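Asks: Note that the protein sequences, when read in sequence, are chains A and B.
The opening residue of the first sequence carries number 2 in my numbering; numbering runs sequentially from there.
The opening residue of the second sequence carries number 69 in my numbering; numbering runs sequentially from there.
It is worth saying that the hints were derived from the structure and are not from the lab.
This structure is a prediction, so every number in the text was calculated from the model and none was measured.
Incorrect hints may have been included.
Unchecked claim - In the DSS-like style, the derived pairs of lysine-lysine whose C-alpha atoms are separated by at most 25 Å in a straight line are:
{"id": "1", "chain 1": "A", "residue 1": "27", "chain 2": "A", "residue 2": "102"}
{"id": "2", "chain 1": "A", "residue 1": "94", "chain 2": "B", "residue 2": "95"}
{"id": "3", "chain 1": "B", "residue 1": "95", "chain 2": "A", "residue 2": "27"}
{"id": "4", "chain 1": "A", "residue 1": "88", "chain 2": "B", "residue 2": "74"}
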Amino acid sequence: MSALTLYQLVALILLMAGLFGITQRKTLVGMLISVELMLNGAGLSIVAASQLTPANAMMGQLGTLFVMGLAAAEATLVLAMIVVIAKRFGTTKTSVVSTLKG
Amino acid sequence: MEYMAKIAFGFYTLIILAGSILAVGAKSLVRSMVGLIATLLGVAGMYMLLNAQFMALMQILIYVGAICVLIFFAIMLTRADDGGEEAQSASVRQNLLALLAVLSVGGILGWLVLTRPLATTGVPVEVTIEKLGLGLLGTYGLAFELISVVLLVSMAGAVLLTWERRNGK
């Protein structure tokens, strides 16, 4: 088994943990934490694939840097949305936060 | 040296595994965030092993330094920890369904990774920070500018969303 496969399996573990968390968590903050786990797995996979293959290594590292930037932007926006939701509903439980009937 | 790298890889894998289990399974959201931080540091170690030192530093700076602080603010501002909203665990059926979803996705991807190995170079390529900087300002300049705009817009959006007008003052 090559080193790249091992790194990608670790990234897969991160993805699976994040996926499990996002289906299990009952609050929006917990879901945000799971999303960050998944994004990290993606970043690790990109860097490993670009560093250990003949592909363009600079592009891989910069791509992961952009993923990190997007994650920061996403976290900022989600934080603001969570604060607004908490103000309006008094909780961030996903089972309570719903206005559609049915 | 090869031997040390293997030990370090195993160590970081253990940190990532334990951290992600804590992040997903902890009852308290603050503990869950501590698990996330451990995982992020483990991934930073992986970047070090991959000879991408700049990425490791950025991982610690952006994720641990910025995003985790933001998540901590989210926990504290919404008092999500109050009364243990994550305390009551999910039903067995829900657990099983979640596990099924995870295993189906993980199984397919794992099978693909294991059965289709790529041609790899043994030693990670070295990319100096100089090259990365030149790339950011040269070839990938447009992406760099776009990400700044995205960040600016999201920050402005966050301020706008949480803005409270002072009535009558």
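Asks: If you draw a straight line from the CA of residue 95 of chain B to the CA of residue 27 of chain A, is it 25 Å or shorter?
Replies: Cα-Cα ~11 Å, so holds.
Asks: Holds or violated: residue 88 of chain A and residue 74 of chain B, Cα atoms, limit 25 Å.
Replies: Given that 25 Å is the threshold and the Cα spacing comes to 49 Å, the pair is violated.
Asks: Can you confirm whether the C-alpha distance between residue 27 of chain A and residue 102 of chain A stays at or below 25 Å?
Replies: OK: residue 27 of chain A and residue 102 of chain A at ~20 Å, within 25 Å.
Asks: Has the given pair, residue 94 of chain A with residue 95 of chain B, been kept, meaning a C-alpha gap of at most 25 Å?
Replies: Roughly 14 Å separates the two Cα atoms, so the pair holds.
Violated hint for the displayed structure: number 4, the only one.
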